[in-house]
Amino acid sequence: MTHHIIDFKDIFFQYPDGTEALKGVSFRIIHGESVGLVGANGAGKSTLLLQMNGYMLPSSGVINIGGVELTKKTRQDIRKKVGVVFQNPDDQLFMPTVFDDVAFGPLNLGMSNERVTDRVNSALQTIGCLDLATKPPHHLSAGKKRAVSIATVLAMEPDILAMDEPSSNLDPKSRRDLIGLLKEFKHTKIIASHDLDLILEVCERCLVIKNGMIVADGRVSGILTNQLLLEENHLELPLSLQKNRIH
Amino acid sequence: MTHHIIDFKDIFFQYPDGTEALKGVSFRIIHGESVGLVGANGAGKSTLLLQMNGYMLPSSGVINIGGVELTKKTRQDIRKKVGVVFQNPDDQLFMPTVFDDVAFGPLNLGMSNERVTDRVNSALQTIGCLDLATKPPHHLSAGKKRAVSIATVLAMEPDILAMDEPSSNLDPKSRRDLIGLLKEFKHTKIIASHDLDLILEVCERCLVIKNGMIVADGRVSGILTNQLLLEENHLELPLSLQKNRIH
Amino acid sequence: MHMSDALLSPAVGATVWAGTLGTIAYCSKKIKENLDEKMIPMMGVIGAFIFAAQMLNFTIPGTGSSGHLGGGMILAILLGPHAAFIVMASVLTIQALFFADGGLLALGCNIWNLGFYPCFIGYPLIYKPIVQKGMSSKKILMASLLAVFVGLQLGAFSVVLETLLSGRSELPFGTFVLLMQPIHLAIGVVEGFITAGVINFVKAARPEILKSITDLRPLSPDIKVKKIVLTFLIIAMITGGIVSWFASSNPDGLEWSIERVYGKTELPEHETGIAMLLKTLQERTAFLPDYTFKKKEDLKEQKTSDSEANAWPNVETGTSVSGILGSVMMVSFIVLIGFGIKIIRKKPIPQREHPV
Amino acid sequence: MNFDKEYFNLGVLDTLSYKNTLVHRLDPRTKVITTFAFIVTVVSFPKYEIAGLIPFLLFPVVIFALGDIPVWFILKKVLVVSVFAVFIGILNPLFDTHIKYHFLTFPVSGGWVSFFSILLKFFLTMCSALLLISTTSFPGICHALRKLGVPEIFISQLLFLYRYIFVLMEETLRMVRAKDLRSFGKKGQGISIFINLVGTLFVKTIERAERIYHAMLSRGFTGTIHFVLKEGFGKKDFVFMSVTGITLFIFRAYDIVGLIGRLAERMFN
Ligand SMILES: Nc1ncnc2c1ncn2[C@@H]1O[C@H](COP(=O)(O)OP(=O)(O)OP(=O)(O)O)[C@@H](O)[C@H]1O
Ligand SMILES: Nc1ncnc2c1ncn2[C@@H]1O[C@H](COP(=O)(O)OP(=O)(O)OP(=O)(O)O)[C@@H](O)[C@H]1O
Ligand SMILES: [Mg+2]
Ligand SMILES: [Mg+2]
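Protein chains in written order, with the numbering used here: chain A, 1 to 247; chain B, 248 to 494; chain C, 495 to 850; chain D, 851 to 1119.
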């Protein structure tokens, strides 16, 4: 199966104001892999994730998702395969109720009302939020908002899941629940985060990005223990690997 | 010196919509102490910090800051003593340049232009951002924004520093820098955060808040290792105290 | 200045609603024809921005009173007239519902007064021509001030017309105009400054943002001045025509025609259906055998005495006493009903026990 | 502070609208239509009408009770809200001084009568608007309007607005708070600070809109927003509408207060 493969070849990207955010990024993620994406503030993580569903097309280079080259023509189809969860759930939950929000994607896929309802219910069930269906998003707590924003993506049944800083603003328990959820999702996934401990638990492989370039790519256990590499990238050892410092 | 003492006596607070966010909070923080404030999402941390400078006055109970009871009359003075840094630096930086932003508070204190300039420069120096003075805040990285928002408060030379989730959205290095900065600030400080490792490093004492009540108060080393207490409060052991789990 | 339900007659309220709905439908069609899909979230969030910004107050220098952003002109400048009108309509709808700013019948007037003039007069006829050649800060300021001024004056004048045509207020036309227009002059100056200030702020801080939104804007260039003026005139004439027709055929406007529908004034001849039923019921139960629909006479009395002011003292005190007595009883009765329902509701519904 | 209050009130009304009572369960269309019918009937009374308006108080009272709506909260809102009607109405006694009634022995001028009529209408119409929103969720009202034929684009704007008002107001609240804390009681600081705040807010808003657009695209958005619409119009709606309609008619057509008054007089004599 070539279905869930992500292939970036020498991708450059420039924002309209001239900022060069990606400067020749290449990597290949195969079916079922879970990949962490780490790097300093402003390194280009979010920009990279946004390339993945063709919202912004690269200035040069070729992106291939599941065997299809990403172009203006194909991006509608590719968006059905790639589910992206943004950093801030408030940006992602734009419909007036949880149900409408989760149903938004499936409806756009042109499904019948019953099938949509089924999908929504099962997505909400997965994240344990079925009872929230009629609530408006602003009545949810931060942790629940995050969970629902994941459900909106799950309901599309994507082959590939891309998440931007999923653990920010969660209390430790909600974060732990999130980690459980991510571990259960068996498809290809790529997660950008400053929470290296989360990456350590959820991912097998890790990409390090710096100034719009991939500067390291390998197994998580190797990369997140490489002190020198980490320091160069404004990172540090995952806290759970640091020596205990109780005063 | 009774200067930098914070004393909460049986504080209740109700939001206008009827939510009881604080239900009898009492504690006393003495001069120079650094105190962590932890608890689940929605436990009441932010509400408690906002009491501290009289932005919202308690429904009942007495707050005493540096020997002065907090009332409508005294709160303007108390605000000069207590500097509060909010969770999101973007909410705090509203002026067009970094300099203007840091100067905003001192100018309102009615200082002369030269004194204001001195204050601003020294505050920016402390956080290592003197070169950013003429930049607009939206051109700063997340870490720098956080640092500048701390400078806006430092420029007022507060006796007491209160911070709400200071490490959110920072890359590990910026977070580390922040920890250094906080450790250097020798006055009384109180920090609300989900980042228990930060609390562990910066604070000596820790308050646990749950449903608007303080349910534990003691040395950080005792509280943040009490598994049962932590679990009850949607918390967990600081990551640096957890067992390493490399796959 | 929000128009209010209580000052409106149904005729005026409905006429203006018709104009407003028509404009909404027209704008929706225009937007749909030229839609850049990005416009949908952009409009929504900018609407929320106007809402949030409206809640911020500032002190007007030298007066101590506070002002705030109205928003119509800023929306028109940013989004173009059609999208701006829709956004303004949605902002005002939310205000009417959540803040009861004016009420639902008056909402039609409010959308018209605060949305139509800035979007379709102030912006295309004044702001745009001035800024067209070069956007210096000064030009933006001048254009904003003028455009906002004209929009608000027209809006205020509409409030006057709507109120007077409804016939609920006794204010003479001249006094009312002298009251409203100067107030809105002051408001206009403040709002003009803010509008220009915000546009200039964004222009300085993030020019690319301003550019990207205006690029998105559907069909900003092809609003034809002549067409607008013409449409406006036609609408004004129709509105004026309908309203004055109502007003002239009966001083009380639509209530006259509603009375016809409800059959009050000509009740004895036109009783049908429920009314008939009730009447028979009344007679049967001899509830008040000699009860005649007194109201009818009262009404006529009012009419005649409106012209002869001195004919008033002939109103018997009896009527007003029974009126007051009736009112008091009615109110107590209603309150009792309220409490009754409350008590019944509070009773726990007995749970049906399941057979084991 | 003022801003806080407004925001909280908004939140309270919104929370109320998600209750689960008989009134809340009615189809939103039913409530939108009856509310409009109520308002039009109320304002259709002529200038000098007071007694005829009194029976209409029954509607808000019943809804308050059935919908379990906090009376004081709504009343307070009605009182502080939009003073325009009151402001214009209070001028009536100045201009209309014909003696219209004798209250016991005091003469009452037409201006006062029409002013009180305005006040009553004001109260009734404001109550009904607030009761509509506190017994019907806003998305519900929007779907009702959609089904009643209001253009799609307008509806989608209302829904977006509803969603993001809460987000942006909270953001604004935090900015204002930050500003206040460094202002030391210097209120407002006038226009230039205000413009900075509003400008900053605007820039953030646009950036947010961009992100929302990304989110929409990544879920297959192509220009139209679809909904799973549930049919909710049932027997209870039919009953509610008929009862309301008939009652409105009776109250409009018959002088209920006069009837009761005379009946009472007769009983006392
Ligand atoms: N809309 C934009 N216009 C111009 N430049 C931008 C824009 N968004 C991001 N950039 C720039 O592109 C670079 C990469 O930004 P990006 O948001 O991808 O970083 P990031 O790795 O996600 O950072 P963070 O950890 O803070 O989220 C940065 O230099 C940033 O300033
Ligand atoms: N503006 C408000 N109006 C009404 N209730 C509020 C408001 N702000 C907070 N609350 C409620 O008060 C309680 C305490 O909220 P608070 O923001 O203090 O929690 P917190 O501990 O800071 O949570 P978090 O970790 O998510 O920041 C919660 O139940 C919350 O829902
Ligand atoms: Mg990012
Ligand atoms: Mg908080």
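Note that these hints are calculated values from the structure, not bench results.
Treat the hints with care, as some may be off.
[As the list claims (entries may be wrong)] Mimicking DSSO-like on lysine-lysine, the simulated pairs with C-alpha atoms at most 27 Å apart in a straight line are:
no., chain 1, residue 1, chain 2, residue 2
1, B, Lys256, D, Lys869
2, C, Lys836, D, Lys1086
3, C, Lys697, C, Lys523
4, D, Lys1054, C, Lys840
5, D, Lys869, D, Lys1086
[To be verified] With the Cβ distance kept under 8 Å, some of the chain C side facing chain D (calculated, not the full set):
no., residue
6, Pro504
7, Gly507
8, Gly541
9, Ala594
10, Leu635
11, Leu665
12, Leu679
13, Ile681
14, Val683
15, Arg700
16, Pro701
17, Leu710
18, Ser816
Just so it is clear, the structure is predicted and the values come from calculations on it, not from any experiment.
C-beta atoms are modelled at their ideal positions from N, C-alpha and C, and glycine is treated no differently.
Against the structure, the hints:
no.	hint	in the structure
1	B:Lys256 to D:Lys869	violated (36 Å)
2	C:Lys836 to D:Lys1086	holds (20 Å)
3	C:Lys697 to C:Lys523	violated (30 Å)
4	D:Lys1054 to C:Lys840	violated (47 Å)
5	D:Lys869 to D:Lys1086	holds (18 Å)
6	Pro504	holds (5 Å)
7	Gly507	holds (7 Å)
8	Gly541	holds (4 Å)
9	Ala594	holds (5 Å)
10	Leu635	violated (12 Å)
11	Leu665	holds (6 Å)
12	Leu679	violated (17 Å)
13	Ile681	violated (13 Å)
14	Val683	violated (11 Å)
15	Arg700	holds (5 Å)
16	Pro701	violated (11 Å)
17	Leu710	violated (10 Å)
18	Ser816	holds (3 Å)
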